[in-house]
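Q: Chains as they are written, first to last, in the numbering used here: chain A, 1 to 371; chain B, 1 to 249.
Because the hints were derived from the structure by calculation, they are not lab data.
Cβ atoms here follow ideal geometry from the backbone N, Cα and C, with glycine treated the same way.
Hints should not be assumed to be uniformly reliable.
To be verified - Computed list of lysine-lysine pairs in DSSO-like fashion (alpha-carbon distance at most 27 Å, straight line):
#: 1; chain 1: B; residue 1: 89; chain 2: A; residue 2: 24
#: 2; chain 1: A; residue 1: 19; chain 2: B; residue 2: 216
#: 3; chain 1: B; residue 1: 59; chain 2: B; residue 2: 204
As the list claims (entries may be wrong) - Here are a few chain B residues that sit away from chain A, every Cβ distance over 10 Å (derived from the structure):
#: 4; residue: 56
#: 5; residue: 87
#: 6; residue: 89
#: 7; residue: 93
#: 8; residue: 107
#: 9; residue: 109
#: 10; residue: 188
#: 11; residue: 197
Letter by letter, the chains look like this.
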Amino acid sequence: MDIKTEIRKSWIIMIKEFKQILRKKAFMIPLFLFPIVMIIFFGYGMGGTVKNVDILVINDDTGTASSALVQEIGTFIPKYGDVKMFSIIYTKDMGQSEAEKKIDAGLYKAVLIIPPDYSERVARNESVTLTLLTDSSDTTSSGIIISFMKQLFAGTSGSLVTLNIPDIYGKLQYIDFLTPAVIALTVFIGTIQTMGYAIAGERQDGTLVRIMMTPVSRGAVILGKTLHQLILQLARAVVLIIGAILLLGVKMNGSWLLVALVLIIFTFGAVGLGIAISAVSEDMISFQAISMLVAFPSMFATGVFYPLSSVPDWMRWIAYIVPLTYANDAMRTIMVKGQGLAFIANDLMILLFFAIFYFGLGVYLFRREAA
Amino acid sequence: MEPIIEVRNLSKVFKSRGRRITAVDDVSFDVFNGEIFSMIGPNGAGKSTTFAMMTTLIKPTGGKIKVAGFDAENEDDRIRPIIGIVPQKLSLYPDLTARENLELMGNLYDVPKKVMEERIEYYLKLVNLENHADRFTGGFSGGMKQRLSVISAVIHDPQIIFWDEPTTGLDPQTRQAIWKLARKFNSEGKTLIFSTHYMDEADKLCDRVAVMNAGKLMALDTPENLKKTTNSATLEDVFIHLTGEEIRD
Ligand SMILES: Nc1ncnc2c1ncn2[C@@H]1O[C@H](COP(=O)(O)OP(=O)(O)OP(=O)(O)O)[C@@H](O)[C@H]1O
Ligand SMILES: [Mg+2]
């Protein structure tokens, strides 16, 4: 069959999918409400702690007084923890704007700038100001780092040392950290679920086989269902982001186009995963069970609700193999940090890899099914 | 008479959970153009599997099928547009209306919009569903669903119609209505192939009857000849004679 026919047929399938889903009120309403509820409840109800946070210390101090200070930061272990809070990387002669770029790129959670005259002034008992830049797009880590630093300086060198803490992303709250990831999470879970209805559910109804008997290729069926998902999930993300901005005052500092790009690639992967799960599950019930198994690690191991820097190592390793981790990071980099393509290129590459892998797997399993 | 379907040494082996199930075992037969052809046989005899291969839904493990001169394995895109299928398992979208279900089929078969609308009106009337056109089929009775299913298989005016147990579970009125439809389609020159567990149906309606048992074709002839050669009074006796009395799994 030629490409035009394929596209026309997949269009027919897509329209059908929309007709069906728009009628499922009991499905559509939670689809939009659930994420908002999640943002509100978690957004106003959670905190956390951090460990082994990468912090850059730009030590321009010409004397030696700063080394005691730095040592104290580097060896600090929180009261109930067993791991050092910071892992320090040193440098010299770096301007504040360059330091901010390092934070934009996600290399460090914080940068502490010690001025050249630090030792001199401390020796002369004069006041001195240090600059602390934090990645406030990660509100939890940033809050913890700031309160630690404040305590440290209040304790050690008397009240003469003050801390200058510029807000590099504007005043942010936990909810700003949470929202981009909740959007990614709900797109992920929503896609897998609706794909389940669209394939495992249709198979149970016998309609999938009926469609397969008509002059329509399997490719066109998948394409139609995929187009439907892409449009549905993008529309949903836009509604949710606007809702979060208007209702909850969440910040949107970056480009809508980039958000769309991330979500399109991400949805492709989720569609593939949904098809793959559908293909290996015999009915809707087993589909639900398997998709839960996939959804839960994604929900809790990928730093949707708390920064990855605060989870145990084994959980972080799970996070690295779950695509949602990279979608979360890309969404936060765009929406909170307001950064462009260059800063999410790595995430996009990894998401693209996942998308191709899962989509290929899904199509393969789907094609193999009736043979 | 010229054959419109040629089945040669057809077999299908399913592998499920390490077990090999021979659903169809070296079956050969012809279906003639314009006849009403039926397949009977106990549960699990392989009727639906044979249908699935003739309609290009699944590929044979061995053997060849030609439908209207096209090879079922490699030319499915030529075969599909000219056949209509009523599957054994009801397969309507419960959350689409009767009309939308028909339109979906029409669109997938590339029926021009105007022709399609006309046919939909015509067929809905023919099976007395014109007053239910805009209801969701989820709320239809079994008979209504089956009637709709039957007309959704002919919306593209196919040359050959496959019906897998179109009358199972239906009341006598609906069965008669479906027989009437079958005769009507046949009188228009269409070839009909259907399976059934009702012997009277096969007897009354069909030109020729194929009897399958455990994947094998036991006999194929007109109902009269079958009765004659097996010395039976009814087709039911023929059936028992050819397939035995034991109950299948
Ligand atoms: N997809 C499949 N996988 C494994 N075995 C199958 C599959 N489809 C059919 N079978 C087996 O093949 C055999 C023939 O089944 P088929 O459905 O063709 O019989 P049938 O004659 O249509 O029976 P019925 O009258 O009950 O509809 C059965 O033993 C069945 O269990
Ligand atoms: Mg059957």
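Q: Take the C-alpha atoms of residue 89 (chain B) and residue 24 (chain A), compute the straight-line distance between them, and say whether it is at most 27 Å.
A: Holds. Residue 89 (chain B) to residue 24 (chain A) sits at ~24 Å (cutoff 27 Å).
Q: Does the claim that residue 89 (chain B) lies outside the interface with chain A hold up, using a Cβ gap greater than 10 Å?
A: Given a closest Cβ separation of 4 Å, the condition is violated.
Q: Per the stated criterion, does the least C-beta distance between residue 197 (chain B) and chain A lie above 10 Å, as a non-interface residue requires?
A: Label holds. Min Cβ-Cβ 19 Å, cutoff 10 Å.
Q: Determine whether the non-interface label on residue 87 (chain B) survives the test: each CB of chain A must be over 10 Å from its CB.
A: 6 Å, violated
Q: Since residue 109 (chain B) was said not to touch the interface, does its Cβ keep a gap of more than 10 Å from each Cβ of chain A?
A: 6 Å, violated
Q: Checking a non-interface call: every C-beta of chain A should be farther than 10 Å from the C-beta of residue 93 (chain B). Is that right?
A: Not fine: 6 Å to the nearest Cβ puts residue 93 (chain B) too close to chain A.
Q: Could you let me know if the closest chain A CB is still more than 10 Å away from the CB of residue 188 (chain B)?
A: 21 Å, holds
Q: Closest CB-CB distance from residue 107 (chain B) to chain A, is it above 10 Å?
A: 5 Å, violated
Q: Under the criterion that the straight-line Cα-Cα distance not exceed 27 Å, is the pair residue 59 (chain B), residue 204 (chain B) satisfied?
A: 32 Å, violated
Q: Is the hinted pair residue 19 (chain A) and residue 216 (chain B) satisfied, with a Cα-Cα distance of at most 27 Å?
A: 44 Å, violated
Q: In terms of Cβ atoms, is chain A entirely out of 10 Å range of residue 56 (chain B)?
A: Given that some Cβ of chain A is not farther than 10 Å from that of residue 56 (chain B), nearest at about 8 Å, it is violated.
Going through the hint list in order, the structure does not satisfy hints 2, 3, 4, 5, 6, 7, 8, 9.
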